[in-house]
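Novice: Sequence:
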Amino acid sequence: MLVLRPDAGFLADPAVHYPVRIDPWTSLALSTDTFVSTDYPSPGNASTWLHAGKFGNGAKVARTYLKFDTTALTGKAILNADLKLWSYKSNACGMVVGSGIQVRRITSAWTKVTLSAQPTTTAEDAITNRASYGAPNCKEEWLWWSIEGIVADWANGAPNYGLQVRAANESDVTNWRMFHSAEFAGGHPPTLVVKYEDQGIVAPAGADGVEVFRGNGEDVPQMSDALSAALDKATEAAEANPVDLAQPYADAETGQLITPAVTTTGQTLAAKTLTGQAVTGEGSDDPTVPGAVEASEEGDAAEIPDTSAATTVSYSITSAVANAKYSAGSLQAIADEIADLDATQLPGAGDIHISGVQPQRNRVVVEATSASVEMRQALAARYGLDKVAIRLIDPAQVPITTESRNNDIGDYIAGGAAYGPCTTGFAWMDGRTAAMLTAGHCHDSTGASLGLVAYDTYGPKGTVKLSGQSKYRGDLALIYLTQRKGGGSASVWIGSPTSTQRRYVSGVYSEYAKVGDRYCVSGRVSGETCGWTVKEVGKSVRYGNSETVRYLVIGEKSSGTCTQPGDSGSPVYTIRQQDGRVVARGITSGGRRDQTEANFFLPCRHLFTDIRHAVNAMPGSIKRTTQTGIAR
Numbered sequence: 001m002l003v004l005r006p007d008a009g010f011l012a013d014p015a016v017h018y019p020v021r022i023d024p025w026t027s028l029a030l031s032t033d034t035f036v037s038t039d040y041p042s043p044g045n046a047s048t049w050l051h052a053g054k055f056g057n058g059a060k061v062a063r064t065y066l067k068f069d070t071t072a073l074t075g076k077a078i079l080n081a082d083l084k085l086w087s088y089k090s091n092a093c094g095m096v097v098g099s100g101i102q103v104r105r106i107t108s109a110w111t112k113v114t115l116s117a118q119p120t121t122t123a124e125d126a127i128t129n130r131a132s133y134g135a136p137n138c139k140e141e142w143l144w145w146s147i148e149g150i151v152a153d154w155a156n157g158a159p160n161y162g163l164q165v166r167a168a169n170e171s172d173v174t175n176w177r178m179f180h181s182a183e184f185a186g187g188h189p190p191t192l193v194v195k196y197e198d199q200g201i202v203a204p205a206g207a208d209g210v211e212v213f214r215g216n217g218e219d220v221p222q223m224s225d226a227l228s229a230a231l232d233k234a235t236e237a238a239e240a241n242p243v244d245l246a247q248p249y250a251d252a253e254t255g256q257l258i259t260p261a262v263t264t265t266g267q268t269l270a271a272k273t274l275t276g277q278a279v280t281g282e283g284s285d286d287p288t289v290p291g292a293v294e295a296s297e298e299g300d301a302a303e304i305p306d307t308s309a310a311t312t313v314s315y316s317i318t319s320a321v322a323n324a325k326y327s328a329g330s331l332q333a334i335a336d337e338i339a340d341l342d343a344t345q346l347p348g349a350g351d352i353h354i355s356g357v358q359p360q361r362n363r364v365v366v367e368a369t370s371a372s373v374e375m376r377q378a379l380a381a382r383y384g385l386d387k388v389a390i391r392l393i394d395p396a397q398v399p400i401t402t403e404s405r406n407n408d409i410g411d412y413i414a415g416g417a418a419y420g421p422c423t424t425g426f427a428w429m430d431g432r433t434a435a436m437l438t439a440g441h442c443h444d445s446t447g448a449s450l451g452l453v454a455y456d457t458y459g460p461k462g463t464v465k466l467s468g469q470s471k472y473r474g475d476l477a478l479i480y481l482t483q484r485k486g487g488g489s490a491s492v493w494i495g496s497p498t499s500t501q502r503r504y505v506s507g508v509y510s511e512y513a514k515v516g517d518r519y520c521v522s523g524r525v526s527g528e529t530c531g532w533t534v535k536e537v538g539k540s541v542r543y544g545n546s547e548t549v550r551y552l553v554i555g556e557k558s559s560g561t562c563t564q565p566g567d568s569g570s571p572v573y574t575i576r577q578q579d580g581r582v583v584a585r586g587i588t589s590g591g592r593r594d595q596t597e598a599n600f601f602l603p604c605r606h607l608f609t610d611i612r613h614a615v616n617a618m619p620g621s622i623k624r625t626t627q628t629g630i631a632r
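Counted from 1, the sequence shown has number 601 at position 601 by the UniProt record's numbering; the numbering is strictly sequential.
Derived by calculation from the structure, the hints in this document are not laboratory data.
Since this is a predicted model, take the numbers as computed values, not measurements.
Errors might be hidden in some of the hints.
Claimed, not checked - Straight-line C-alpha distance at most 27 Å; calculated DSS-like pairs for lysine-lysine:
id, residue 1, residue 2
1, 139, 89
2, 325, 67
3, 84, 514
4, 461, 233
5, 84, 325
6, 112, 67
7, 471, 461
Unchecked claim - Each pair of labels, with its calculated beta carbon distance range:
id, residue 1, residue 2, range
8, 578, 38, 53 to 61 Å
9, 308, 498, 16 to 24 Å
10, 48, 381, 49 to 57 Å
11, 430, 461, 43 to 51 Å
12, 224, 72, 46 to 54 Å
13, 559, 224, 19 to 27 Å
14, 117, 140, 48 to 56 Å
15, 193, 117, 24 to 32 Å
16, 597, 122, 46 to 54 Å
17, 40, 309, 57 to 65 Å
18, 123, 384, 13 to 21 Å
19, 287, 461, 19 to 27 Å
No residue lacks a Cβ here, since even glycine has one placed at the ideal position from N, Cα and C.
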């Protein structure tokens, strides 16, 4: 019997939300470790050290070979996989040394390896770490490689012949590392730690078509401000170079930035060190932070615009470069196309509700309520076996728009207020014109109650591009407040649906939402709900009315109240610890069908458009104020 005894401090932490779900971890048994080099062409397996890279003024080469027992992972959904080698000696110290050391999947059998007889490998899913430790002037340390793609291949049935560790570019003159082997008495042997889900592969890719799997996804911590900013830069680079680069991501456990490349040009682009300024202090999902104020027309009229600059911190992050098979542009095109297919083009297309790129696996994942052989084979025929996978979801998880505080009737209107069947988002200023940001799908019958719908990213079939825009921007509308003499208030309603309190708005979040981010929502029906965690970003979602919304963020929470019909358009935000003001994160688009409370088996699900899309697409800016307040 397995007995788990979580730390009492962990369970008492206000940041911990119940129920607590524990994903299995395993440290895999090492069955073989060895190396070969120009100096040791046939070393055997008893060495206390391992060697990889180029040395001897470029004339000599070393490669390490490892094999772990992955039997227990068969059929599992791999959430995270990290190879660790203890770097105790190297030619130089730093975060960027030579071309780095690369880990590859071995593709042929071997028992004893020699310099002249080595197994074959593939560069697919290979990953490079350019850091180096253990030189004369720096400490010894673990080097990490995030190898989810390789381990997932083994879990899905690929033969496990082990790993090869080598110089990323064997034309280097000097670029080597030495690691402790399992035979070293002082510890730090090669280690492969894997996090997985038991609800894994339902049907592997093969004659019946693409892979089908189940799984709840990974619970990950929120990224640091610096890593979030660096990931945004890496994402911008992938969008600017869609043929050469694949979508970047951050390793959930190590916090390492991974920048996959498809071409030789991409390898050069991906290897750049990312530097800049990251904004800090943009709040959390803690609704107990002081700073709420009683709503009043006098308070609205007295708002003072906030023109202060954000607090920033410098960052310099060197990513690990991974080899990817498919580019960011090609996979995004597939995700967009699948979202538009109908039953005449794809059997069972109506059962597909979400599509998007899974960067860690360099593929597209669609979420569907069923996966017939006909659907699987049709996807394989159109895109190939390894570009697309199907995640099965319960019919209760089908997303819907949430159309359906209730009396904000003064000269000013705040975010989170009722208008028609929807909820207002954030007050906006286009020059001197007062406006309100809300959901695009709400305006068809309700925009007139606020004023003139000036900009809208939502058309008859879902998301459309605004004039002059090159990309889709979710579910947004900007309404000029011609029906409100005072315009919009730089505040949002908080608390229950009948609350009389608000929080002031300090500005917009500086980075796009990332997996692991926490946030709050304030809808006219559900009231303020906090404890949400971002699970997926950049997804195309097909609502029950066959309208497809593109580039949505998907959040979940495992306890408490869900968003409800009528919450569409509502503000998504964090709360600043220092003054209780809110920072805009997005606008609610939809949620899960017919669910009012989260439970262990079915968490609440929330869909929203990232506020950065509004910032980058709409004229003007959010209305913000220096006012703060304490609840009375």
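Novice: It remains to establish, for every hint, whether it holds in the given structure.
Specialist: To see whether the hints hold, each was checked on the structure:
Between residue 139 and residue 89 the CA atoms are separated by roughly 9 Å; this keeps the pair inside 27 Å, and the hint holds. This hinted pair checks out: residue 325 and residue 67 have alpha carbons roughly 24 Å apart, not beyond 27 Å. The hinted pair formed by residue 84 and residue 514 meets the criterion: a straight-line CA distance of about 25 Å does not exceed 27 Å. Distance restraint check for residue 461 and residue 233: the Cα-Cα separation of roughly 31 Å exceeds the 27 Å cut-off, and the hinted pair is therefore not satisfied.
Restraint check: the Cα-Cα separation between residue 84 and residue 325 comes to about 24 Å, which is no more than 27 Å; the hinted pair holds. Note on residue 112 and residue 67: the hinted pairing holds, with a Cα-Cα distance of about 12 Å set against a maximum of 27 Å. Distance hint between residue 471 and residue 461 is fulfilled; the C-alpha atoms sit about 16 Å from each other, no more than 27 Å. Here the CB-CB span from residue 578 to residue 38 is close to 59 Å, well matched to the stated 53 to 61 Å.
Remark: the range hint 16 to 24 Å for residue 308 to residue 498 is contradicted by a beta-carbon distance near 34 Å. The hint said 49 to 57 Å for the Cβ distance between residue 48 and residue 381, and at roughly 52 Å that hint holds. Between residue 430 and residue 461 the Cβ separation comes to about 27 Å, which falls outside the hinted range of 43 to 51 Å. Between residue 224 and residue 72 the Cβ separation comes to about 32 Å, which falls outside the hinted range of 46 to 54 Å.
In this structure, residue 559 and residue 224 meet the distance hint of 19 to 27 Å, their C-beta atoms being roughly 26 Å apart. With their beta carbons about 32 Å apart, residue 117 and residue 140 fall outside the hinted range of 48 to 56 Å. Checking the proposed 24 to 32 Å range against residue 193 and residue 117 shows it holds: the Cβ atoms sit about 31 Å from each other. With their beta carbons about 47 Å apart, residue 597 and residue 122 fall inside the hinted range of 46 to 54 Å.
The hinted window of 57 to 65 Å between residue 40 and residue 309 holds, with their beta carbons roughly 58 Å apart. The beta-carbon spacing between residue 123 and residue 384, approximately 18 Å, falls within the hinted interval of 13 to 21 Å. For the pair residue 287 and residue 461, the supplied restraint of 19 to 27 Å is violated, since their beta-carbon distance comes to about 37 Å.
In terms of the numbered hints stated before, the structure departs from hints 4, 9, 11, 12, 14 and 19, listed from lowest to highest.
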